[in-house]
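Asker: Okay, here's what each chain looks like letter by letter:
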Amino acid sequence: MNINLTLIGQSITFLIFVWFCMKFVWPFIRNAMDARTQQIAEGLSAAERAHRDLELAQDRASSQLKEAKAEVASIIEQANRRAAQIVDEAKDRAREEGERIKAAAQAEIEQETNRAREQLRTQVGVLAVAGAERILGRAIDVNAHRDIVDRLAQEL
Amino acid sequence: MSAEAQTSSGYILHHLTNMTYGKLPAGSYCDGEHVMEQAGWTLAHCKEETSAMGFSAVHVDSMGWSIFLGVLFCWLFRRVAVKAAANKGAPTGLQNAVEMIIEFVDGTVSDIFHHRNRLVAPMALTIFVWIFMMNLMDLLPVDWLPHAAGIITGNPHLFLKVVPTTDPNVTLGMSFTVFGLMLFFSIKEKGVVGFVKELTLHPFHAPKWYFNVFLIPINLVLETVSLIAKPISLGLRLFGNMYAGEMIFILIAIMFGAGVLLGSLAGVLQWAWAVFHILIITLQAFVFMVLTIVYMAMAHDVSEEH
Chain A
1 MNINLTLIGQ
11 SITFLIFVWF
21 CMKFVWPFIR
31 NAMDARTQQI
41 AEGLSAAERA
51 HRDLELAQDR
61 ASSQLKEAKA
71 EVASIIEQAN
81 RRAAQIVDEA
91 KDRAREEGER
101 IKAAAQAEIE
111 QETNRAREQL
121 RTQVGVLAVA
131 GAERILGRAI
141 DVNAHRDIVD
151 RLAQEL
Chain B
1 MSAEAQTSSG
11 YILHHLTNMT
21 YGKLPAGSYC
31 DGEHVMEQAG
41 WTLAHCKEET
51 SAMGFSAVHV
61 DSMGWSIFLG
71 VLFCWLFRRV
81 AVKAAANKGA
91 PTGLQNAVEM
101 IIEFVDGTVS
111 DIFHHRNRLV
121 APMALTIFVW
131 IFMMNLMDLL
141 PVDWLPHAAG
151 IITGNPHLFL
161 KVVPTTDPNV
171 TLGMSFTVFG
181 LMLFFSIKEK
191 GVVGFVKELT
201 LHPFHAPKWY
211 FNVFLIPINL
221 VLETVSLIAK
231 PISLGLRLFG
241 NMYAGEMIFI
251 LIAIMFGAGV
261 LLGSLAGVLQ
271 WAWAVFHILI
281 ITLQAFVFMV
291 LTIVYMAMAH
301 DVSEEH
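Protein chains in written order, with the numbering used here: chain A, 1 to 156; chain B, 1 to 306.
Looking at chain B on its own, in the form it has when it is part of the complex:
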């Protein structure tokens, strides 16, 4: 019983560990199995090695899948773009689908964002499609790609996480980039003074300067917290949803090994959860896109003067 519990938790842990390539300091890890004579860049073989690598490591699987999907997105859309620019007739096939997505994104952007900026709409499109594609990897049965990778490389213990958005590095990387752009456009549109004013003179403002002296620190704390909370909540929302969804898929996958009755129940659950997940992955991609547009609009909005 305890051995089975061990394998179950081992299975879960295996599925939740990234393929990590990083700088491993010298020493012994993984129950003394692999001993590093000297510090060097290598693939981590176990959780301990991953932890020992610290910040100087890259999740090869997250990066690989996200770049693969991003390149796929760029390739598909570029193909349609070339076709659309060359063909003046009625659109067909893929072009219809792409134009539908673009129309949708453009509508959302023009509803929320009322300034002139060439970046926002393409960024919203990239976010929506790319995140949707990354989330979509969640619908693949959890063992397919890791198992296939294990067979191809000949290492059955190879770590491979196929859903990039279940990696907080990926989601936070995107949200921090959005945050950076937000700060950049804030300062570009309002100037440093305007930006500082926005942080210090809201939400409390008094008509007399000697009251303001006391209100400014309070405002600064409140505004800074709400500012910092934006990218973190943006990244963690996506990560949390996808991580939880992936976790449930893994738990369902464990049930497959527990007899005919539970196995068939797992099949039904897998199907039901996948259907529900279609909604979640689309919704999360949409939410990330909309919030990005909203933040960009906030960066451009010059609030009332005080």
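Excised from the complex, chain A in its bound form:
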């Protein structure tokens, strides 16, 4: 347990190691650690930001989807309405056409009837005259009795 030069040697050694540590070890590791801390903090905040961005994007996407759905629904509704309208129009037109055809047919029928009636009238006149001729046994002037024949035909 002698105190000797080791004391001074140890002091010098100690100072050299402290100097080395201060110059070549501590700042390097400390800076690297600080840089990493900052990097991690930045990474975390970036992740946070990205998360928020994602949420926003999702919100936007879902709202867009909703809008699109609404639009689609309105288009479908419109289309449905239009279709119904077309069907209605077609129906109306069909009915009109039908009516028109019916009217034409009726008119034709009426015409035909009139024509038949006319024909019948003339023939009835002739027949009546012929009948009367036969009954009377003599010729009758058709023109002298036209009014009678016409009245007869009118009654038909």
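No wet-lab data here; the hints were simulated from the structure. Mixed in with the good hints, there may be bad ones.
[What the hints assert, rightly or not] As a list, the in silico DSS-like pairs of lysine-lysine whose alpha-carbon atoms are at most 27 Å apart: (1) A:K23 x B:K83; (2) B:K230 x B:K188; (3) B:K47 x B:K23; (4) A:K23 x B:K188; (5) B:K47 x A:K23.
[What the hints assert, rightly or not] Beyond 12 Å from chain B on every Cβ pair, some chain A residues (computed): (6) S62; (7) I135; (8) N143; (9) Q154.
[Said to hold, decoys possible] For each label pair, taking beta carbons as the anchor points, the in silico distance ranges come out as: (10) B:T92 x A:D34: 16 to 26 Å; (11) B:R118 x A:A57: 46 to 56 Å; (12) B:P207 x A:I16: 47 to 57 Å; (13) B:T153 x A:D34: 46 to 56 Å; (14) B:V302 x A:A57: 29 to 39 Å; (15) A:D59 x B:R118: 50 to 60 Å; (16) B:L94 x A:D34: 11 to 21 Å.
The C-beta atom is built at its ideal place from N, Cα and C for all residues, glycine as well.
Given the coordinates of chain A, assemble chain B onto it according to the supplied hints.
Answerer: Then chain B, alone, in the frame of chain A:
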């Protein structure tokens, strides 16, 4: 019986003697075995020669091991520093361990020391790791390295103490250096006048100057004693703990030679004491570091004005 006691004490003494290289004055030492014709630098062969060398001697083993461990510390940490500076990615392996230690030391320093000083944190790191490594040598079985050295050099009586911190020169050398830095920063921060004021106007202070005249000598004595006590207690605390621990390891080692029963008991004791010692070596390194930081903080703290 007495012969056995002699060998036991011889064994202990052998383990507690440093390998000393110093200037030996002319004369006869070691029971007349080695005679120095003239004064010269040589390795001491026995306790008498070591004592005769006085102050002009160096403990080769203490210096050697402490420098070896210090260089190992510097090399390891420098390697990690280079790697940390170059590699921006996630740290791995040794770098994690080193960064953990640095984080721990940095936390302790910033808890205690609230001034700007580039020296304190690296010094605390050096103290903690270096002292821990030196203390760690204590966990090696006491005979391994001395025996190996004896075989390598061919001299079985070679003195070799492997735990530098069981040498008061080593611990006091460090604590006096800390003390020197403490005085340096005290004077740098407060000036010579401030430093002298601190020594003379505390702890007793009177508002009237004629009372102070009587109080100043008392203060000076008290403050000087407390100032001097700091480095001595710092160095001797570490030395005492490690010396006592080493002593117990040596005593346990003696038991190994005393029969099967005592030998196996010694094995158990050796293990138990080593486990307990893990706590002590870490704690002593930590205490030395914390006290160094505290002293540095005291050197920087400008106390209230009077």
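Asker: All hints are to be evaluated individually against the structure, with a verdict given for each.
Answerer: So, going through the hints one by one against the coordinates:
no.: 1; hint: A:K23 x B:K83; result: holds (16 Å)
no.: 2; hint: B:K230 x B:K188; result: holds (19 Å)
no.: 3; hint: B:K47 x B:K23; result: holds (14 Å)
no.: 4; hint: A:K23 x B:K188; result: holds (21 Å)
no.: 5; hint: B:K47 x A:K23; result: violated (41 Å)
no.: 6; hint: S62; result: holds (37 Å)
no.: 7; hint: I135; result: holds (138 Å)
no.: 8; hint: N143; result: holds (134 Å)
no.: 9; hint: Q154; result: holds (122 Å)
no.: 10; hint: B:T92 x A:D34: 16 to 26 Å; result: holds (19 Å)
no.: 11; hint: B:R118 x A:A57: 46 to 56 Å; result: holds (48 Å)
no.: 12; hint: B:P207 x A:I16: 47 to 57 Å; result: holds (49 Å)
no.: 13; hint: B:T153 x A:D34: 46 to 56 Å; result: holds (49 Å)
no.: 14; hint: B:V302 x A:A57: 29 to 39 Å; result: violated (58 Å)
no.: 15; hint: A:D59 x B:R118: 50 to 60 Å; result: holds (51 Å)
no.: 16; hint: B:L94 x A:D34: 11 to 21 Å; result: holds (20 Å)
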